[in-house]
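Colleague: As they're listed, the protein sequences go chains C and R. Per the numbering used here: the first sequence = residues 3 to 297. Per the numbering used here: the second sequence = residues 5 to 242.
In case anyone wonders, no lab produced these hints; they're calculated from the structure. Keep in mind that the hints are not guaranteed to be accurate.
25 Å max Cα-Cα, derived PhoX-like pairs, lysine-lysine [to be verified]:
1) 134/R x 204/R
2) 189/C x 159/R
3) 159/R x 204/R
4) 189/C x 110/R
5) 14/R x 91/C
6) 159/R x 11/R
7) 189/C x 125/R
Not close to chain C: a few residues of chain R, all C-beta gaps over 10 Å, as computed [claimed, not checked]:
8) 75
9) 86
10) 93
11) 94
12) 108
13) 117
14) 133
15) 141
Here a beta-carbon is modelled for each residue, glycine too, at the ideal position from N, C-alpha and C.
Listed here are the chains, written in short residue letters.
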Amino acid sequence: MVEYIQIAWQGLVSGFAYALIGLALVMVYKTARILNFAAGTMAGISGFLAHWWAAEQDMPFGVAILFAMIMTGAGTYVVERLTVRPLVKLGDFLPIVIMTLGVEEFLANVSLLWWGGTARRYRVPGDIDRINWLIGDFRLNAWHLVVAITTFVTLSIVGYIINQTELGLGMKAFAEDQDAAKLMGIKESTVSIWTWVLSALVGGVTGIVFAPVLFLQQDYMNIIFIKGFVAAILGGFLSLSGGVAGGLLLGELEAFTIKWAPREFAAALPVVIVFIVLLIRPHGLFTREKGHERV
Amino acid sequence: MSGLIIKDLKVGYGRNEVIHGVDIRVNSGEKVALLGANGAGKSTVLKTISGLLTPTEGTITFNGDEIGGANPAALVDMGVIQVPEGRRVFPGLNVEDNLKVANYGKSPDLFEEGLETVYNKFPILQERRKQAAGLLSGGQQQMLSLSRAIIAKPKLLLIDEMSLGLAPLLVKEFYEQLGDLFSEDVTLLLVEQNAGLALKYCSRFYVLRNGELVLQSDSSDYIDDPTALQSAYLGVDA
Ligand SMILES: Nc1ncnc2c1ncn2[C@@H]1O[C@H](COP(=O)(O)OP(=O)(O)OP(=O)(O)O)[C@@H](O)[C@H]1O
Ligand SMILES: [Mg+2]
């Protein structure tokens, strides 16, 4: 029994990463109808920045994270204005998606130049990522608990912004009907940019909180990005809660596949899942056909 | 130079020009109808005034300010409010959130005030205020769409085919209510296919056919026999 709880917990922790990146992707897609292929790399850079400020500039751990988040937000703001905005005016979907691929490529190369190709350990205070508590036979890693709490807090903040603030209302209105939203006086460029920033901050949190788990490497968030993408597809790509649920589901499926099937199969699992879901439910597991799922 | 003045407007979608030079004038406080058959370009004209489309040629001024090609949000701030064709409520948002969107960027106090007015005029919306707007009936959605405009406090109101998909009796009721919903001095440009209704409410009208104006007149000239307009709509001699 404990063994299964252990596997389920492991799946949940990976699921948190997929859920957060899935959420970040759906957010931008839902409001702006843009697929952000740079999401994973952007998140990785947040992790690297936090590491750099703490380990190489001797900043306190928390301050380094704060700086990294500010940089993530500000950087995204600039990237949106410089690359996305001019293309939105042209009103075509594909050029923007290709532009995000270009941004991805650019950022990946910048980070490779800056940090090189070697893997590093992201150190956390007290090395608590190496502390494991035994509760009966259940092993709980202290950092995994931090991951869980961080995920919960992040999801709560996003939920609050979406459901309780004017920005959130604007995002929802925009997601439902762009022209009608414009006619209500909602500025497209304002909603768009804050959606991008919020999405990048969610990605940044993910990149930082999972850095100790994954080790910092130039492309350490790529795999999380792919799985976050799968999470978003599972959730129908138009539902924020669907994206989160899809991430958690994927995490569990993976964890239990590893238990019962060869490791190699677990790696292929996301592709298999996407294939099956698209066959059976092209609109995702958690979205109704018309895509008018609540946010 | 008060009111809405459109001069030699040309606009379209991509390279496809749909409006080929149209002049329309609505004096301050005046109620004017824009009539025409399916595809004549009525909605295109309204969408251009409200900023969703940018004119390729010509000018649009409202109370002396050039507004052609302005950002829709800036136009809303100026009091240019459109009630779009097909109602366009946000189906997944509840009724009250739909109304809240109409108050976007403005003070919450103003919203409370507007909300009270709206709920007074349409008590059913208050009853359903927590329900998703997509679940409302067509008539209730039209109430909601009009209510958003009430909350937005228009100076220039653009209403696009209020009658679309609604029972004739209900449409008649909406028209009878219009004067009560918005203040006297609101400048109104109303798009309709149903000439009979529009003529009763508006003092003047224009008829658009294939993106060009083919007739303009006082409503009183046709009010007894709106079917006579049919020929103007369709371009056949009656
Ligand atoms: N989004 C669009 N993209 C391309 N062409 C469009 C678009 N919307 C309308 N058109 C074209 O512009 C012309 C005018 O359409 P418009 O919607 O303005 O007509 P309308 O007078 O409002 O008609 P209706 O009474 O049916 O609403 C039509 O030929 C239509 O096909
Ligand atoms: Mg129309």
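Colleague: What are the numbers of the hints that this structure violates, sorted from low to high?
Modeller: 1, 7, 8, 9, 10, 11, 12
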